[in-house]
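**Student:** Chain by chain, the residues run as shown.
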Amino acid sequence: MSFSIMLQHLVNGISLGSLYALLAIGYTMVYGILRLINFAHGDVFMLGTYIAFYAMTSFMLPWWASFLIAIILTCIFGIILEKCAYRPLRNSPRISVMISAIGASFLIENLAIVIFGGRPKAFPIEPIFSKILNIGGVSIVSVSLIIPVITAIALCLLNYIVNHTKVGMAMRAVSKDYEAARLMGIDVNSIIAFTFGTGSALAAIGGIMWGLKYPQLIPLMGLMPGLKCFIAAVVGGIGNIRGAVIGGFILGLGEIMIVALSPALSGYRDAFAFVLLIIILLVKPSGLMGQNTVEKV
Amino acid sequence: MKKNNILTLISIIGFILLLLVLNITLGSYKMRIFNLCGIYVILALSLNLINGFVGLFSLGHAGFMAVGAYTCALLTMSPETKEMNFFLEPIVPWLKNVQLPFPTALIIGGIMAAIAGALIGAPVLRLRDDYLAIATLGFSEIIRVVFTNTQRITNGPLGIKGLPTIGITGQSWEIVIWTWGIALFTIIFMVLLINSSYGKAFKAIREDEIAAEAMGINLFKHKMIAFVIGSFFAGIGGALLGHLMGTIDPLMFRFLLTFNIVLIVVLGGIGSITGSVISAIVVTISMEALRILDADMQIGGYIVKGIPGMRMVVFSALLMIVILFYQRGLMGTNEFNWDWIINRKKKIQKI
Amino acid sequence: MTILKTDKITMRFGGITAVSKLDMKIDKNEIIGLIGPNGAGKTTCFNMITGVYVPTEGRIFFEDKDITGIKTHEITKLGIARTFQNIRLFKELSVLDNVLIANHMRLDSNLFSAVIKTPDYRKKEKKIKEKSISLLKDVGLEEVMHEKSSSLPYGKQRRLEIARALATDPKLLILDEPAAGMNPQESMELMEFIRKIRDKFNLTILMIEHHMQVVMGVCERIYVLDYGIMIAEGTPVEIQNNPKVIEAYLGVE
Numbered sequence: 001m002s003f004s005i006m007l008q009h010l011v012n013g014i015s016l017g018s019l020y021a022l023l024a025i026g027y028t029m030v031y032g033i034l035r036l037i038n039f040a041h042g043d044v045f046m047l048g049t050y051i052a053f054y055a056m057t058s059f060m061l062p063w064w065a066s067f068l069i070a071i072i073l074t075c076i077f078g079i080i081l082e083k084c085a086y087r088p089l090r091n092s093p094r095i096s097v098m099i100s101a102i103g104a105s106f107l108i109e110n111l112a113i114v115i116f117g118g119r120p121k122a123f124p125i126e127p128i129f130s131k132i133l134n135i136g137g138v139s140i141v142s143v144s145l146i147i148p149v150i151t152a153i154a155l156c157l158l159n160y161i162v163n164h165t166k167v168g169m170a171m172r173a174v175s176k177d178y179e180a181a182r183l184m185g186i187d188v189n190s191i192i193a194f195t196f197g198t199g200s201a202l203a204a205i206g207g208i209m210w211g212l213k214y215p216q217l218i219p220l221m222g223l224m225p226g227l228k229c230f231i232a233a234v235v236g237g238i239g240n241i242r243g244a245v246i247g248g249f250i251l252g253l254g255e256i257m258i259v260a261l262s263p264a265l266s267g268y269r270d271a272f273a274f275v276l277l278i279i280i281l282l283v284k285p286s287g288l289m290g291q292n293t294v295e296k297v
Numbered sequence: 001m002k003k004n005n006i007l008t009l010i011s012i013i014g015f016i017l018l019l020l021v022l023n024i025t026l027g028s029y030k031m032r033i034f035n036l037c038g039i040y041v042i043l044a045l046s047l048n049l050i051n052g053f054v055g056l057f058s059l060g061h062a063g064f065m066a067v068g069a070y071t072c073a074l075l076t077m078s079p080e081t082k083e084m085n086f087f088l089e090p091i092v093p094w095l096k097n098v099q100l101p102f103p104t105a106l107i108i109g110g111i112m113a114a115i116a117g118a119l120i121g122a123p124v125l126r127l128r129d130d131y132l133a134i135a136t137l138g139f140s141e142i143i144r145v146v147f148t149n150t151q152r153i154t155n156g157p158l159g160i161k162g163l164p165t166i167g168i169t170g171q172s173w174e175i176v177i178w179t180w181g182i183a184l185f186t187i188i189f190m191v192l193l194i195n196s197s198y199g200k201a202f203k204a205i206r207e208d209e210i211a212a213e214a215m216g217i218n219l220f221k222h223k224m225i226a227f228v229i230g231s232f233f234a235g236i237g238g239a240l241l242g243h244l245m246g247t248i249d250p251l252m253f254r255f256l257l258t259f260n261i262v263l264i265v266v267l268g269g270i271g272s273i274t275g276s277v278i279s280a281i282v283v284t285i286s287m288e289a290l291r292i293l294d295a296d297m298q299i300g301g302y303i304v305k306g307i308p309g310m311r312m313v314v315f316s317a318l319l320m321i322v323i324l325f326y327q328r329g330l331m332g333t334n335e336f337n338w339d340w341i342i343n344r345k346k347k348i349q350k351i
Numbered sequence: 001m002t003i004l005k006t007d008k009i010t011m012r013f014g015g016i017t018a019v020s021k022l023d024m025k026i027d028k029n030e031i032i033g034l035i036g037p038n039g040a041g042k043t044t045c046f047n048m049i050t051g052v053y054v055p056t057e058g059r060i061f062f063e064d065k066d067i068t069g070i071k072t073h074e075i076t077k078l079g080i081a082r083t084f085q086n087i088r089l090f091k092e093l094s095v096l097d098n099v100l101i102a103n104h105m106r107l108d109s110n111l112f113s114a115v116i117k118t119p120d121y122r123k124k125e126k127k128i129k130e131k132s133i134s135l136l137k138d139v140g141l142e143e144v145m146h147e148k149s150s151s152l153p154y155g156k157q158r159r160l161e162i163a164r165a166l167a168t169d170p171k172l173l174i175l176d177e178p179a180a181g182m183n184p185q186e187s188m189e190l191m192e193f194i195r196k197i198r199d200k201f202n203l204t205i206l207m208i209e210h211h212m213q214v215v216m217g218v219c220e221r222i223y224v225l226d227y228g229i230m231i232a233e234g235t236p237v238e239i240q241n242n243p244k245v246i247e248a249y250l251g252v253e
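Those protein sequence lines, which keep their order, are chains U, Z and E.
Okay, so the first sequence: first residue is 1 according to UniProt numbering, each after it adds one.
Okay, so the second sequence: first residue is 1 according to UniProt numbering, each after it adds one.
Okay, so the third sequence: first residue is 1 according to UniProt numbering, each after it adds one.
Note that these hints are calculated values from the structure, not bench results.
Small disclaimer: the values here were computed from a predicted structure and weren't measured.
Some clues are possibly wrong.
Sample of chain Z residues at the chain U side, in silico, Cβ under 7 Å [said to hold, decoys possible]:
hint, residue
1, F57
2, G138
3, N149
4, Q151
5, I153
6, G159
7, L257
8, G309
9, V313
10, I321
11, L324
12, Y326
13, L330
Among the chain U residues that face chain Z by a calculated CB cut under 10 Å, a handful are [as the list claims (entries may be wrong)]:
hint, residue
14, L89
15, L223
16, V259
17, A260
18, S262
Under the rule of at most 30 Å between Cα atoms (straight-line distance), these lysine-lysine pairs were calculated in the DSS-like manner [said to hold, decoys possible]:
hint, chain 1, residue 1, chain 2, residue 2
19, E, K91, E, K8
20, Z, K2, E, K8
21, Z, K221, E, K124
22, E, K77, E, K129
23, Z, K345, E, K8
24, E, K124, E, K148
25, Z, K3, E, K148
26, E, K171, U, K176
27, E, K25, Z, K221
28, U, K284, E, K148
29, E, K148, Z, K2
30, E, K21, Z, K221
31, E, K124, Z, K2
We put the CB at the ideal spot given by N, CA and C, even for glycine.
Could you build the full structure based on these sequences and the hints that come with them?
**Tutor:** So, in structure tokens, the structure goes:
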């Protein structure tokens, strides 16, 4: 395989990894705070893409305005989702909350089929995203470069929020010890809402960029990426934001490289994540960046 | 005790007679749905054993069903049918000429699913519960990916058509005896299992793992037992479903299938055998009945456009309502028993 | 005769040492108290003995057998039973079922014979049911045996936990704060009860307790832990007069 083709795969892998990372953060943040797998997160991602699509096609808004609106609306949707589907069950057995999450996921998907229609839709792409750049003999679509850049910006912003603001400190406190944080006067409900909002906004950013890179929208488009990104979060160490990013990149690069190195295995691309999951659970269940926790008796 | 056993025996015999009568009176479409009910009873009970009684949250049912369905299909089909199916790529030689009677193939299908259950259970049952959910879900997706790609064994995405009908003779009355016969067997088996010392240990694990282990219960062994039994019955259910439909393909065993079974178990009451049975029947029938929502309807001369997908919206909304507002489902963890009925009757007579 | 011996057991969580080089030696039929201020590492010590945690260093011997690193359920089978500080009953199940479950491991029937209920299984099942009911009689819970265990008042839940632990046929019974939340009257009854079960079931008892009246009243020997280190050992009278213990409890003036 020539160097330039390899480089091309690498760029593709990095941009796919960036998208996975954005989505994985949402899982890891919610899990860190509520110990809940937000099964509907992949559908939130789908919703973000569809909102951007309708803003551009039905409301004829310019692309940047559409993207902004999509991010804001998805963020609000994430907060509503938490309030309706998860908050009432906060003190219920884990199994109920998990069922509620699965139920919410299916409800959103089926509503999307009813409202948006089951047929695939083509995501409109502005020329600036589809320009073919030629860098040192390697031709790369501009969106493949834009994705990692936007992801990096979003991650820096998130890092600032989590580590250098008051609300970030409260988030960390709640994820360390829910009860103690509540007793210290932290408004746990609004912190959880904020977490869902942030996670959903990141999912929307990921979704829009996904649409730019793979411009075919279907209501079930969030299902597979959603599952894979939860796995990315587990691989990186659930509850750990840095881990989620690393997990996302491992997954994205791994998938692209498997197909690149051995085209015969391309049919098994979707299985890669799950095999990775089983391996990590066997070798280091706490994930690459995770800490071993001891359950209190 | 004695009296109740006699009552149970009488009602079982009555039920079998009813099956035969229904088979004559109901049309073939309705009979098909009725058979489907029986299969979903098996599936719901097997999931309920794992999720409801041991409290493990497994989402891999579709995967185990796929294993059972494919195994059984490939073992019962005649070499000619196989040749017709595998026109793109020929079937592997060691499978080509195998043809076993239906009951043997069915049991092998169940055993293969149980083996798959043991293989996936060994690494993940030692882990925390929510990892189990995602790992089993992952496993069922891997199975699907593998079945899509092993063209020479499973015929890949094309699927397999022309599965022989359920049973040995191919008569329609035999189908209902098989589906509901196995459903009945599953019910009796689960009742006996749950009431045994092992069943109590399962419930103890559900209630409090740490205390259960401190009482000398080997967590891994008991979780494994439940998981393998559940997988076995899932495989049997999957095989029956495949043969009832007549065709199978990897898409049939998507997560949606697992979701349907979770839905049945939750609506019936997690941890209630009676609830699962009733719910399996009600949900299966209403899934069929609500097909009208997806199709065009004629109301007083106007044609109301059907909305494809509306049916599943109704069911997912129903699941959300139950889990948010009425977590116990239909039966909670309660069970039907004769004493309750008899006492009830006496009470009514007094009034 | 020594029944339990710990040899310099240490438990570290990350950088924190919860228990450090603890040596204990307990003889058969003794009633031993383990006391110390909150966070002294008492429950951690119990968790090591019962196999919930594996000690970072040191070894534990039960009846001269090294049980370090053995799984909890196997340790229970060898004859160590416990109760929990924050009651862990099988809440949704009946009082009787709670006790029956503790017999499961001694039942020794395979799955097949349990499901088809072979005569042999029936006989064993009947026997453990009788045993469980008589145990419930001993703790005064036979009247509520068909009720849901979570519906019992607090004191009765504590007693049920002890009955459940006894059902595993232990040689060593470990009680984690059995008198927590009890009034003086109930505490007095508990002391009586502990002595009674020791004699009746030929037990050795190791207990964590904060009620000094109970500890001093029932224990024959006491170990005192502070910050994971054993600071004193002796009879109740010795402990009461030990300056180190007084210091640990009251602080230095």
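**Student:** A separate judgement is required for each hint: does it hold in the structure or not?
**Tutor:** So, going through the hints one by one against the coordinates:
1. F57: holds (5 Å)
2. G138: This interface hint holds because 4 Å falls under the 7 Å limit.
3. N149: Hint holds; N149 (chain Z) Cβ to chain U Cβ min 4 Å, cut 7 Å.
4. Q151: violated (9 Å)
5. I153: With a closest approach of 14 Å, the I153 (chain Z) hint is violated.
6. G159: violated (16 Å)
7. L257: Violated, because the Cβ-Cβ distance from L257 (chain Z) to chain U comes to roughly 12 Å (cut-off 7 Å).
8. G309: holds (4 Å)
9. V313: Nearest chain U Cβ about 4 Å off; hint holds.
10. I321: violated (9 Å)
11. L324: Hint on L324 (chain Z): holds, closest Cβ of chain U at ~5 Å, below 7 Å.
12. Y326: violated (11 Å)
13. L330: Violated. Min distance 15 Å.
14. L89: holds (7 Å)
15. L223: holds (7 Å)
16. V259: Violated. Min distance 13 Å.
17. A260: violated (18 Å)
18. S262: Not OK, violated: S262 (chain U) not within 10 Å of chain Z, min 13 Å.
19. E:K91 / E:K8: violated (37 Å)
20. Z:K2 / E:K8: Not OK: K2 (chain Z) and K8 (chain E) at ~59 Å, beyond 30 Å, violated.
21. Z:K221 / E:K124: With a Cα-Cα distance of about 21 Å, the restraint between K221 (chain Z) and K124 (chain E) holds, given a limit of 30 Å.
22. E:K77 / E:K129: holds (19 Å)
23. Z:K345 / E:K8: violated (67 Å)
24. E:K124 / E:K148: holds (24 Å)
25. Z:K3 / E:K148: Answer holds: K3 (chain Z) to K148 (chain E) is near 27 Å, not above 30 Å.
26. E:K171 / U:K176: Violated. K171 (chain E) to K176 (chain U) sits at ~40 Å, over the 30 Å cutoff.
27. E:K25 / Z:K221: It is violated: about 33 Å lies between the C-alpha atoms, which goes past 30 Å.
28. U:K284 / E:K148: The given pair, whose Cα atoms are some 40 Å apart, is violated under the 30 Å limit.
29. E:K148 / Z:K2: The hint holds at about 26 Å.
30. E:K21 / Z:K221: This hinted pair is violated, its Cα atoms lying about 34 Å apart.
31. E:K124 / Z:K2: With Cα atoms ~20 Å apart, K124 (chain E) and K2 (chain Z) stay inside 30 Å; holds.
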